[in-house]
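Q: Using the hints provided, position chain B relative to the given structure of chain A.
In order, the protein sequence lines correspond to chains A and B. The first sequence begins at 1 in our numbering and counts up by one. The second sequence begins at 1 in our numbering and counts up by one.
One should not assume that every hint holds.
Claimed, not checked - Derived SDA-like pairs (lysine to any residue); straight-line CA-CA distance at most 20 Å: (1) K262(A) with L102(B); (2) K272(A) with P91(B); (3) K272(A) with K37(B); (4) K269(A) with L93(B); (5) K574(A) with L277(A); (6) K251(A) with L102(B); (7) K269(A) with D55(B); (8) K262(A) with D100(B); (9) K272(A) with L93(B); (10) K331(A) with T62(B); (11) K219(A) with V63(B); (12) K272(A) with T92(B); (13) K79(B) with N185(A); (14) K77(B) with G249(A).
None of these hints come from the bench; they were simulated from the model.
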Amino acid sequence: MAADYSIEALKSAHKLISDMEYEVGHVNRGYTDRTLYINLTESKIAGKPVTDLMKDKFIGGRGFGLYLLWNGVNENTKWNDPENEIIISTGPIGGITQYPGSGKSLVVSLSPLTGIPIDSNVGGYFGPYLKFAGWDALEIQGKAQNDVIIYIDGDKGRVTIEEAPLEEIDTHLLAEQLTAMYADNEEDKRNVSVVSAGSGAEHTHIGLLNFSFYDVRRKEVRIKQAGRGGIGTVFRDKKIKALVVKYSGVKGDTNKPADRAKIAELGIKLHKEIHDLDDQQNRMRKTGTAYLTGIMNDYDLLPVNNFKFGAHPDAHKLSAKEFSKWFALSKSDGCWYGCTLACAKVVEGFELLSGPYKGQKVLVDGPEYETVAALGSNCGIFDSQYVLEANFYCDTYGLDTISFGNIVAFCMECFEAGILDSKKTGGLDLHFGNKEAALELLHQMGRGEGFGKVAGLGVRKLKKIFEEEYGADPGFLNDIGMENKGLEYSMYMPKESLAQQGGYALTNKGPQHDEAWLIFMDMVNNQIPTFEDKAEALFYFPIFRTWFGLMGLCKLPWNDIVPADNATKPEAHKIPEHQQNYVELFSAVTGRQVGIEALVDLSAPVYHFQRVFNIRMGQGGRQSDAAPMRSLGPATVEEYLSREERYDKQLKEILGINPEGKTAAEKLQLIRKYRQDQYNTLCDNVYRRRGWTENAVPKLETLEKYGIDFPEVVEVVKKYL
Amino acid sequence: MKVLKAKAELCDGCGRCELVCSQVWFKEEDRSKSAIKIEENSADYDINVCSQCGDCIEVCPTVAIYRNKAGVVLIDKEKCVGCFSCIGFCPTLSMRWHKDYLEPFKCIACGRCAKECPTGALNLENN
Chain A
1 MAADYSIEAL KSAHKLISDM EYEVGHVNRG YTDRTLYINL TESKIAGKPV
51 TDLMKDKFIG GRGFGLYLLW NGVNENTKWN DPENEIIIST GPIGGITQYP
101 GSGKSLVVSL SPLTGIPIDS NVGGYFGPYL KFAGWDALEI QGKAQNDVII
151 YIDGDKGRVT IEEAPLEEID THLLAEQLTA MYADNEEDKR NVSVVSAGSG
201 AEHTHIGLLN FSFYDVRRKE VRIKQAGRGG IGTVFRDKKI KALVVKYSGV
251 KGDTNKPADR AKIAELGIKL HKEIHDLDDQ QNRMRKTGTA YLTGIMNDYD
301 LLPVNNFKFG AHPDAHKLSA KEFSKWFALS KSDGCWYGCT LACAKVVEGF
351 ELLSGPYKGQ KVLVDGPEYE TVAALGSNCG IFDSQYVLEA NFYCDTYGLD
401 TISFGNIVAF CMECFEAGIL DSKKTGGLDL HFGNKEAALE LLHQMGRGEG
451 FGKVAGLGVR KLKKIFEEEY GADPGFLNDI GMENKGLEYS MYMPKESLAQ
501 QGGYALTNKG PQHDEAWLIF MDMVNNQIPT FEDKAEALFY FPIFRTWFGL
551 MGLCKLPWND IVPADNATKP EAHKIPEHQQ NYVELFSAVT GRQVGIEALV
601 DLSAPVYHFQ RVFNIRMGQG GRQSDAAPMR SLGPATVEEY LSREERYDKQ
651 LKEILGINPE GKTAAEKLQL IRKYRQDQYN TLCDNVYRRR GWTENAVPKL
701 ETLEKYGIDF PEVVEVVKKY L
Chain B
1 MKVLKAKAEL CDGCGRCELV CSQVWFKEED RSKSAIKIEE NSADYDINVC
51 SQCGDCIEVC PTVAIYRNKA GVVLIDKEKC VGCFSCIGFC PTLSMRWHKD
101 YLEPFKCIAC GRCAKECPTG ALNLENN
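Chain A with its partners taken away, still in its complex shape (with noise of 0.2 Å):
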């Protein structure tokens, strides 16, 4: 730990490397028209255009995000290389306050663990500060050669690269400093917004972005994280200490929409529903989405212990009433202004009981449900307290809750299994259910030491090195190592829905439910039961969801907010009203007047430009789609014995095999066979209907389609074609 130094003493320590005044202007029909460029390496600071075609075919947001760092990277490019881009655009809808769900930040960049692009998106307010202070996007390039801090003042018209040694590295700490510093006073906090990583980010591949909001009620610094795919890792990698942006006076009009009344009207519709129904639906203003734990358990979805199970005794430990003793509620909980759907929680004066700060008292965010499973019941720990410790330190040292607990579980298993031992582990005793290992190994990744700096490299390198240096069987480390593209999954159980399967593996980043979340359409009300069914909706969805990351929108006002009379509607899983008030918000914010087809027509040409990306890198293609076994159905003896009711009425009533006789395994290679077969199947339906070719390369007719045929673009995919 550093020492305690003053505000002041930090400030004056603080070496100015490069500046640049600008205009600050105003938005107009969300766009500023502009994007903010610096490379580190070079101490450049500069504006660029936002041109025409950047607003038609990418939008904003994650279309600018990956339309920025195609133009930025080449095919060579790694995540460490000095031209490998961080850019963090919100979109143009990004920024209204009167519509719940409304402030979202995407980030992308080359992910240390997969190699390709990634996208996260993330609440807080960076994003829209961002836009205010005259930027659609902040593309930074380049490595710094010390530490340093990037202030966008928005009040000021002033951009500056910092020098800034002495501040904290973790993010609890250095995000208070820094809000502190930027704000004239208490009341200029709120107009202060920080992005940060901090020391795990530095010594792992699972690093993440933590956003600032300022909580004017708790007086306390808030965080929301940009967590998949190790985009603080990058961060550090570029020795980038923080980003700060300032911007005063956000008013219901900053974004200059076309039609403020239009919004005004959808948005107090929104809020009235919230009201009304939230308490009835999915309680998020009271449990965030930690009140899926209970349901996901009650459908065997649940992930325990590495994906191996789907339900556990123990689940209630932590469900959404467990967590509720913990939070803190206020009636004001989002993350942006105006997000009545409030899902963002607190546990206020939680004492830590391990780590470097030890008996402090902290403000917890979180946990949200992903983290709960994946830092719980994924390594068999059924202990919230030890979820909010492990939640606590994963957000302060900057490391992705999911990627996490999906590297303990698979290290818990591969301890079982004999892989690991302790003296592999220095001393880690990495059975399931051990939290204490878990957390010291949380900490060494903090620390970058020992077996937590190894482990901090992500399943698929773990994969590698459990092969080569251990000699550890292959097929087993693919089979139960649950990563896709080299991110780990998040937590839903897919091995009994197909179409979930698909929705994970065939994803453009990596298996990160927000592409599609199919699993209770296809599982639990079979409501798309042919393959053609399950490929329609690997088509919809994915591009649909991209539609949110576009314009700066959260997802979960879409849909986990219904309607009173939802129901009664045609697709109602779509929540068509919903799907109604974006391209209705879209339109009154930028002016151009679109109908429901375009959550489909705006978003593909993005999607479709991803897998491009990924195959301009050397990946993308069906190899890069394949799924560990263990998501498409039992990898063990084991797991097929937790389920044999099930699997044996499959051998029969599917494929026609009397299961009597037969030993376990027997079964379970003829239950893996068929898993293969028929997600094999799946892929040729979905790339059919998605118009890519059978070795996934989007087809130029599909190119053409949506208008991105452009030279490079081309230039990639025709060698496969």
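A: This is chain B only, laid out in the frame that chain A set:
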């Protein structure tokens, strides 16, 4: 606590209160800019106006809504970001907005409408 009390059974629907309200606060007679709303129902009239319950105070993300010493719930326009959460969360649907303004508005129990109500349907009371 000062609060405007309404006796709907005395209301004859003349709408004078709405025009007074908008004139006092927005300098024009326009019932769509009134904090008090008179609506005809099948039998007589409904009078909708803020009860000063204060549910909106906690919903406001910027702490722009507060109760003053007299117990009246007020909006600090400087702090307000115009999110309109308070409108959707008002249990009596008495928080207002108008397309001409960035911030919501509400009855602040000034009593001007009560003074001009010809039937005595409105009274400013201390609770």
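Q: Would you mind marking each hint as holding or not holding in the structure?
A: A quick look at each hint next to the structure:
1. Restraint check for K262(A) and L102(B): the C-alpha separation of about 13 Å stays at or below 20 Å, so the hint holds.
2. Annotation: proposed proximity of K272(A) to P91(B) holds, straight-line Cα distance about 10 Å (limit 20 Å).
3. Straight-line distance between C-alpha atoms of K272(A) and K37(B) comes to about 19 Å, which keeps the hinted pair within the 20 Å bound.
4. A threshold of 20 Å between alpha carbons decides the hint, and for K269(A) with L93(B) the separation of about 12 Å falls inside it, so the pair holds.
5. Restraint check: the Cα-Cα separation between K574(A) and L277(A) comes to about 18 Å, which is no more than 20 Å; the hinted pair holds.
6. Simply put, K251(A) and L102(B) have alpha-carbon atoms about 7 Å apart, close enough for the 20 Å limit, and the pair holds.
7. About 18 Å separates the Cα atoms of K269(A) and D55(B), which keeps this hinted pair within 20 Å; it holds.
8. In summary, the hint linking K262(A) to D100(B) is supported, as the alpha carbons are separated by about 12 Å, within the 20 Å threshold.
9. Straight-line distance between C-alpha atoms of K272(A) and L93(B) comes to about 9 Å, which keeps the hinted pair within the 20 Å bound.
10. Straight-line distance between C-alpha atoms of K331(A) and T62(B) comes to about 12 Å, which keeps the hinted pair within the 20 Å bound.
11. In summary, the hint linking K219(A) to V63(B) is supported, as the alpha carbons are separated by about 12 Å, within the 20 Å threshold.
12. Distance hint between K272(A) and T92(B) is fulfilled; the C-alpha atoms sit about 11 Å from each other, no more than 20 Å.
13. For a cut-off of 20 Å, the pair hint linking K79(B) to N185(A) stands: about 15 Å separates their Cα positions.
14. Between K77(B) and G249(A) the alpha-carbon distance is near 11 Å, which keeps this suggested pair within the 20 Å criterion.
Checked against the numbered hints given earlier, this structure breaks none of them.
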